[in-house]
Each structure stands twice: as C-alpha cells, then as structure tokens.
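Colleague: Could you build the full structure based on these sequences and the hints that come with them?
As they're listed, the protein sequences go chains A and B. Residue 0 is where the first sequence starts when you use numbering that gives the first Met the number 0, and the numbers rise one by one after that. Residue 0 is where the second sequence starts when you use numbering that gives the first Met the number 0, and the numbers rise one by one after that.
Derived from the structure by calculation, the hints contain no laboratory data. The beta-carbon is built from N, C-alpha and C at its ideal position, and this holds for glycine as well. Incorrect hints may appear among the rest.
Here are the simulated PhoX-like pairs of lysine-lysine, each with C-alpha atoms no more than 25 Å apart in a straight line [what the hints assert, rightly or not]:
1) Lys338/A / Lys78/B
2) Lys151/B / Lys250/B
3) Lys338/A / Lys151/B
4) Lys151/B / Lys137/A
5) Lys338/A / Lys247/B
6) Lys133/A / Lys338/A
7) Lys247/B / Lys151/B
8) Lys454/A / Lys166/B
9) Lys99/A / Lys338/A
10) Lys132/B / Lys323/B
11) Lys224/B / Lys133/A
12) Lys154/B / Lys133/A
13) Lys247/B / Lys133/A
14) Lys338/A / Lys224/B
15) Lys224/B / Lys137/A
16) Lys137/A / Lys154/B
17) Lys154/B / Lys454/A
So, partial list: chain A residues that the calculated Cβ filter (under 10 Å) puts toward chain B [unchecked claim]:
18) Trp51
19) Ser140
20) Lys338
21) Ser405
22) Met409
23) Phe410
24) Gly414
25) Lys440
26) Arg447
27) Leu451
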Amino acid sequence: MSVLQYLLVPIMDIHLLILVSIGVLSGIYIGAIPGLSGTMAVSLLVSFTFGWETNPAIALMLGVFVGVVYGGSRSAVLLNIPGAPAAVATALDGYPMALKGEAGRAMGIATSQSVVGTLIGIVVLACFAPLVSKLALKFTSVDYLLLGVMGMMMVGSIGSKSIFRGLTTAAIGVLLGTIGMDSMTAAHRFTFGVTYLLPGVNYVVAMIGLFGIAEALVQITTKDIQPIKQKIDKIVPSLDVVKKYMPLTVRSSIVGVLVGALPGAGGDIAALLTYDQAKRTVKNPEVPFGEGAVEGLVAPEAANNAAIGGAFIPMLTLGIPGDAVTAVMIGALTIHGLKPGPNMMTASPDMFYLIVSCLFIASIALVFFGMTGIKIFTKIVEIPKGILLPIIIILSVVGSYAINNSLFDMFWAIGFGVLGYFFKRYDYPVAPCVLGIILTKLLEENYRRGILLNKSVSGLILSIFHSPISFSLFALIVVMFGTQTKTYKKWKAARDAKADVKAV
Amino acid sequence: MKKIMILGLIFIMIFAAGCSKKAEEPVAAASNELVANAQEKTQAADDAFPTKNISGIVQWGAGGGTDSLMRPLATLAEKHIGQSIVVENKTGGTGSIATQYVHDAAADGYTLLMGAENPQLYTMLDIINLTYKDFEPVIIIGDETVGITVGKNSKYATLTELIDAAKANPGTITLATTGKGGLPWSVASYITAVTGATFNQVPYDSDASARTAVISGECDLTVAKIQSGLESHLSGDWKYISLFSKNKIEKLEEVSLITDDYPDFDQFLPWGPFYGVFVNAGTDQAVIDKLSESFMAAFEDSSYQEILASFNINPLGIKGEEAKTYLKNWQLNTAEALYKSGSITKSPEELGLK
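Modeller: In structure tokens, the structure reads:
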C-alpha cells in the first residue's frame, strides 16, 4: 500500500507533473544539439535548484535526463549529426530514411521506441533492481574487455561495402584514442609537451567533427543538392507497426537495461551493441540495413532509453553511479541531505519510488512532446542548404567548445571535420572511427587490468573459462565471428538448398 | 524565408547588445579611477574589485566531490562579493588542464582555481611544472578523513593481518587504485614507507569503479574517503578496517585508527585530500584579501556548514599565511613518504621543497 502511495506522490502533485514535463521538453532540445549533454544540463540544474525542495529539484532533473537521451535521435535522423554518442547508431539508418523523405516516420518510430524502451527500463528498475545490481557486480575487468571486443565487431556491420575501409578508419580512431595522459601510470602519450593535449581526444568532439562538420563540408562542396520534400502524413506509427517490432524492441531494451546497469558501460555501448545484433539477427528486413531499415532505428533507440532505468540500478542499490548523469544526481541528492547508497531503498523508499514515478511521467510526456513537434522539426531538412549549413557548422563548433569549455576541443572538432570530409569523399565510413575512439579506453584499460589481476596474458585467457559470464560473452563472440566466415556461409547455403529440395 | 531573416536579425541585435555591454564595463571602471585622486588611486581600484563577473574553474567533473563543494560555496560567496561567480568545469590530466589554464590567465583575481590536493603532486609525477606554490590561496575549505576498506567477505579483519599477508607474499594482495597520483596510490606509498608491505596495484578509472572492484571482490582492498564509502560500510557491502587519521569519526566508532596498530604513522598525520580556492601568484594583495573575506563569509554560513557535514568534510576555513603553511607541510610530508617508499624518484630536496 505504501509503495502505491509513494508512487502516486508526483502524479497527484501538479507542480511535479509540470516540472517533469518542462524537463522533458527542454531536454529534447538540449539533447538534439551535439555537445550539449545530459551531464551538463543536470549539473547546471544542481546549482540552479540548490535552494529548492528536494522533490521538485529531482523531478526536473529526471525529466531533463529522459528528454536528453531521446533528443539525440532528432539531429541524427534529420542531419546525420548524432546529438550524443548514444545516437550514433540511430544515424546509420535514420538519416537514410530522411533522405527518402521519411524523416517524419523515422522520428515517429524513434519516439515510440524510446518510450517503450524507457518503460521497460523503469519496470526492471522497480521490480528487479537488487537482482540486476548483483549481476552487474559480477562483471569483471575481463568481461568489460570482452564487451569491448564485441563492440569492435560492429566495424563489420557499420563499415561501407569494404571491410578494409571500415578497419582503416577504426584503426585511426583507436590510434587517436591513445593520445593524452595515461590515467593508470600518468605517462604522457603523443602529447609533445603540450599541456592541453593531456586530456586526450574527447569522443564527443570527434563525433561532432566527423559527423557534423564533415557532413556540412561535403554538402557545401556538392553542387545542386535540392532539399528533400518530407512526407508528413504518417508520423505517429500505428499500433500494428509498434507490435510488429515488439520482439526486437523488448530484446534491445533488455540489453539496454543490463548494459546501462554496468557501472563501466552505458547507453552508447548499449545502442551500438543492439544495432549490431539487430543487423545480424533480423532476416530479410524490408529495406537493407544502412539504407533506412526501420529495425536499425528500433534497436538502438529502445536500448539507449532503456539504459536510463539501468543506470539508476547501481546508483540506488549500491550508491555507485551507472553513468555520468547518475553520478551528478548522487551529488545532487547529497546536497539535498539524502544519502544515496545501499541504504537508500530502506531508509528513504519515498525517494526511490519518486524516481521511478517521475521517470514514468517523463516517458508519458515524451509521447506528447515527441510526437507533436515532429512537423516543425522535419522543416529543418527543407531549409535551403545555404542557410542550414553555416548554422550546422556554428552549432558544431560551439557544441565542441561547450563540452569542457576548451578552445582545444574546438580545434579538434574542426580537424576531425576535415578528416571526416576526406573520409566521406573517398567513401571511407566515419562511424568506425568514432567507435574506435569510444572503445579504446574500454579495451585498453580493461586488458591491462585483466593482466594485472591475472598476472599474465595466459592467465587472462584462462580466466575466461573460469567465469560463466566471461565464457558466455566469449562464446557469443566466437559465434558472431564464426557466422561471418565464408566456410559457414557456404555450409549454410548448402543446407538451406537441401532443406528447400526436401520441402519441395 | 522572411521569417528566418527576421530571426537572424534579432540574433545579431542581441549579440551586438551583449558585446556593447561588455565594452562599456572597462570604460566605467576607467572613469571610476579617474575620479579618484592620485594618492587614493590604488585604494579606489581595490574598492572597485570586482567590476565584472568572476569565473571559477573547477578541476574535476560536474557532480564530483570537488564540484559539489564548490558550486554551493560560489553561490553563497556571490552575495558577499557583489558580482556573479560563474563556475565552469575544465577537466582532464588529473586536474592539470584547469591548473594550467588559471595560471595562464591574468593575475587579476577574476579567474579562480577551485581545486583539490592534486596539484601538490604534479612536479613529483612530472605531470606539469606547477603546484600550489605558483598560486595564492583564497581559502582552504577543509580536508577529508580516509580509510582502508576491504570487501564484506574479506579474509582480513584487521590492518595488521592484511599487512602481514602482504609482507609474507609480496604482490599477491590486490589494491584497487585510481591511477598514479590518486588517493589509494598515495596512501599505499605511505604504508610501504612505514611498514614495508607492497601490493599488486590495479588502477581503475574512477573512485566509484575502484569501490565496485572491492565490493565485487575483484580486488582485496582500496582506500576511500568517508564521503564515498560510509554508506556502503553502514550497509555491510564492504568495511573500513582502519582509519588513516589520529582522531575517531563519530559514525565509525568501532573502526581502529592506523596509529593504534602502527604508531610510526603519527609523524605523517593528519593527512587527507583537501579542497581550496586559489588565484594566480602575483595577484594584488588587496584583491586576494577581498576574495578571502567573501569566501570566508560564505564558508561560515550555516547552510554551507551543513553541506560540509553531509559530505563528511572536516572544516578548516583557513586563509593567508596559515593556508600557505598548511599547503607547504602537506606537500613536504607527502613527498617524504612517497620518496621513502620508492613511488617517486625525486627527493624532497630535488623537488625544492626543503
């Protein structure tokens, strides 16, 4: 009974309802601008709401959080510029849809999937939080390493037709990812004595340059591109459509919650992994992946929003942040006199259920704000290029500065823009480069930790066979890799042919 | 089309208005100075400080320990200083980016470094050639007690058991650190310097991940601030086995002090991570005094004291010479222990600390 009461607190309170909704609405716009992140928005709110009561402050932050994660898909679909790393996978099929005049449909699907994903995340958070956090704690450094390897397998899925080209840009990404001060030994790598190179390459900056600025440069140098007239009749996807993709949505959301609950991996990794598995497992999509497949939109959008609920699991059960935004929220709760940690569910269950309930309200608000603004948003694609492109470049440069108030990041973004321009000109895919930068840290640090913990490389390899989680991940990688080989494809083709003969 | 043009015009006008406002400020400041007569000129400038917004550069990320202490303090100090303090995070390189940035800015008191203890180690680790000696302290807010923690199912119930095991089989006990120069690394160096025990150090990317590693049993021990580890201790997910302090903590009465087991630690204590606000060296003394006054007033505000209590910070609230002595002792003390344990290769004399 008391649980129900706690859950109803925000729903009965008009102030909290309004605050969550304002949060979602502003979050969508903040998230759509590359460089403005949820972490930044929520930490600004910590100062802004310093003198407020706890509940309204938290309600506003939760609304913004949900809005921001969703908002990243907007610019990914419309302009091929992911608003956040978690939306990189969304751009892969979302933008091709916009090029076909289906931006409205794409955003409608992204909205519905984000809402369903958020809801699944909330259900897992409310019902299975202790269970999931126990599972998340079982993840060792070796498991994170294997997760990184699985992420790297993505290069095969998002590369262009040629795997060699994908590997080339991924390798450049990995190399650039090693720049800066090594966080484990404080050694300087490729910094050439320049202090401002110590933080290394921020992958959001790389993303802004490679996607945003490069895309603008390519379009500027291509003559006579006419804006694509957008169809805006079928925006809200019918229930049948949502139902049709439900199995994929649920599967992706569950991966999203679990990866989101891992303190060392978040929505960005979840979105990439689920895109990859969707591409591998969905047979005969209506449109091929990479050319505007709806499935390629469903998987990452469901996963990155489901990761929100996931990120709260370690925060509320262990006091360990699941991602950067929940880290800020721990600080916010402490300032308001609460003690986020393992005792929170017993000491202040009202706050636990307030968070659950506000997230629920936020996902409902997402339906309204997500579906209503689409018509205006699609107009963005129809703006003449002469006006749109300079705005994109300005936003990209400002966004890259805003991440860490760093002039150097601006130079990086412009540099990546030029690099990305040549990639695109010579038909090298840019996404693997971003992937390389994102995954370098995960791969390298966990590999080194794995060796330190197991004393040697052979010890690390052996340890894979001692833990059920490591072994399952390893087996998955072997299967993923094996099914891509020519021998397997030949064997499968032969078997399918046989089966066909029998059926006849 | 027309609408977009109008929108563009509005933007340009707002932008222009913003620029002209900025341009007016120095003019106003200059005319103020002209009004004052020659003898009182410097006095007038002091009274005038600050004439524009002050920016506070936080070394660590949004939501981190340093950030959470600095933002409320800045909000309170604004009222006393009469201008806005705009807090920005410039992270990276263990805080060295922010340190370098503030050092590169003009020494006029308009750019504040809001930092933790890390710069005191920069020259020892060859990160950058700056320490707090290149800055003037505005206020040192407080320091934190740290403790040694093990997982709930750990074989080791006391620090002596743990250290004896580490000495018997060097390199078998795993210590989760936050990298070279981080808190667990520093405390491990102190332990090596005093007891001779060494650990297999495994670096993680944040104190939250190091904590996760110990709670999950991937590593045997880590060193954690009371702020970040207390809740897990109270719930039994992990436990403090020894406090790196001379004084007990109210909520951790049952945990023994490191000096109980090893009295030799006494020479290095009290020691802990600290937080402070700094300005570039060479800033006018009157400006520093004005800043110190305002920040001290903010520090003494009861609402700020409550925040310090909820983060388990031991309040210090020192400025001027007192703060400089504190910084000097802290650095020398740490350098001696690090050098003795072999964690750094430069002696305190070579580092110019003695």
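Colleague: If a hint holds in the structure, say so; if it does not, say that too.
Modeller: So, going through the hints one by one against the coordinates:
Straight-line distance between C-alpha atoms of Lys338/A and Lys78/B comes to about 29 Å, which puts the hinted pair past the 25 Å bound. As the CA atoms of Lys151/B and Lys250/B are separated by approximately 18 Å, the hinted pair is consistent with the 25 Å bound. Restraint check for Lys338/A and Lys151/B: satisfied, since their Cα atoms lie roughly 20 Å apart, inside the 25 Å limit. Between Lys151/B and Lys137/A the alpha-carbon distance is near 15 Å, which keeps this suggested pair within the 25 Å criterion.
Under the criterion of a C-alpha separation no larger than 25 Å, the hint pairing Lys338/A with Lys247/B is consistent with the structure, at around 21 Å. This hinted pair checks out: Lys133/A and Lys338/A have alpha carbons roughly 21 Å apart, not beyond 25 Å. A distance of roughly 21 Å separates the Cα atoms of Lys247/B and Lys151/B; the hinted pair therefore holds under the 25 Å criterion. Between Lys454/A and Lys166/B, the direct Cα distance comes to roughly 18 Å. Compliance with the 25 Å bound is thereby established for this hinted pair.
In summary, the hint linking Lys99/A to Lys338/A is not supported, as the alpha carbons are separated by about 51 Å, beyond the 25 Å threshold. Restraint check for Lys132/B and Lys323/B: satisfied, since their Cα atoms lie roughly 8 Å apart, inside the 25 Å limit. The hinted pair formed by Lys224/B and Lys133/A meets the criterion: a straight-line CA distance of about 24 Å does not exceed 25 Å. A distance of roughly 21 Å separates the Cα atoms of Lys154/B and Lys133/A; the hinted pair therefore holds under the 25 Å criterion.
At most 25 Å may separate the alpha-carbon atoms for a hinted pair to count; Lys247/B and Lys133/A exceed this at roughly 32 Å. Distance restraint check for Lys338/A and Lys224/B: the Cα-Cα separation of roughly 15 Å lies within the 25 Å cut-off, and the hinted pair is therefore satisfied. At roughly 24 Å between alpha-carbon atoms, Lys224/B and Lys137/A fall within 25 Å of each other, so this suggested pair holds. A threshold of 25 Å between alpha carbons decides the hint, and for Lys137/A with Lys154/B the separation of about 19 Å falls inside it, so the pair holds.
A distance of roughly 21 Å separates the Cα atoms of Lys154/B and Lys454/A; the hinted pair therefore holds under the 25 Å criterion. At its closest, the beta carbon of Trp51/A sits 13 Å from a beta carbon of chain B; the interface hint therefore is violated under the 10 Å criterion. Interface hint at Ser140/A: satisfied, since its Cβ lies 7 Å from the closest Cβ of chain B, which is below the 10 Å cut-off. Annotation: Lys338/A was flagged as interfacial toward chain B, and the flag holds, the nearest CB pair being 6 Å apart, inside 10 Å.
Taking 10 Å as the C-beta cut-off, the interface hint given for Ser405/A holds, the closest approach to chain B being about 7 Å. Because the beta carbon of Met409/A sits about 14 Å from the nearest beta carbon in chain B, more than 10 Å, this interface hint is broken. Because the beta carbon of Phe410/A sits about 14 Å from the nearest beta carbon in chain B, more than 10 Å, this interface hint is broken. Given the 10 Å rule on beta carbons, the hint for Gly414/A is violated: about 18 Å separates it from the nearest Cβ of chain B.
Interface hint status for Lys440/A: upheld, as the beta-carbon distance to the closest one in chain B is roughly 8 Å, under 10 Å. A cut of 10 Å between beta carbons decides the hint on Arg447/A: the least distance to chain B is about 8 Å, and the hint holds. Here the hint on Leu451/A is kept, as its CB sits about 5 Å from the closest CB of chain B, short of 10 Å.
Figure legend: structure checked against the earlier numbered hints; hints not met, in rising order: 1, 9, 13, 18, 22, 23, 24.
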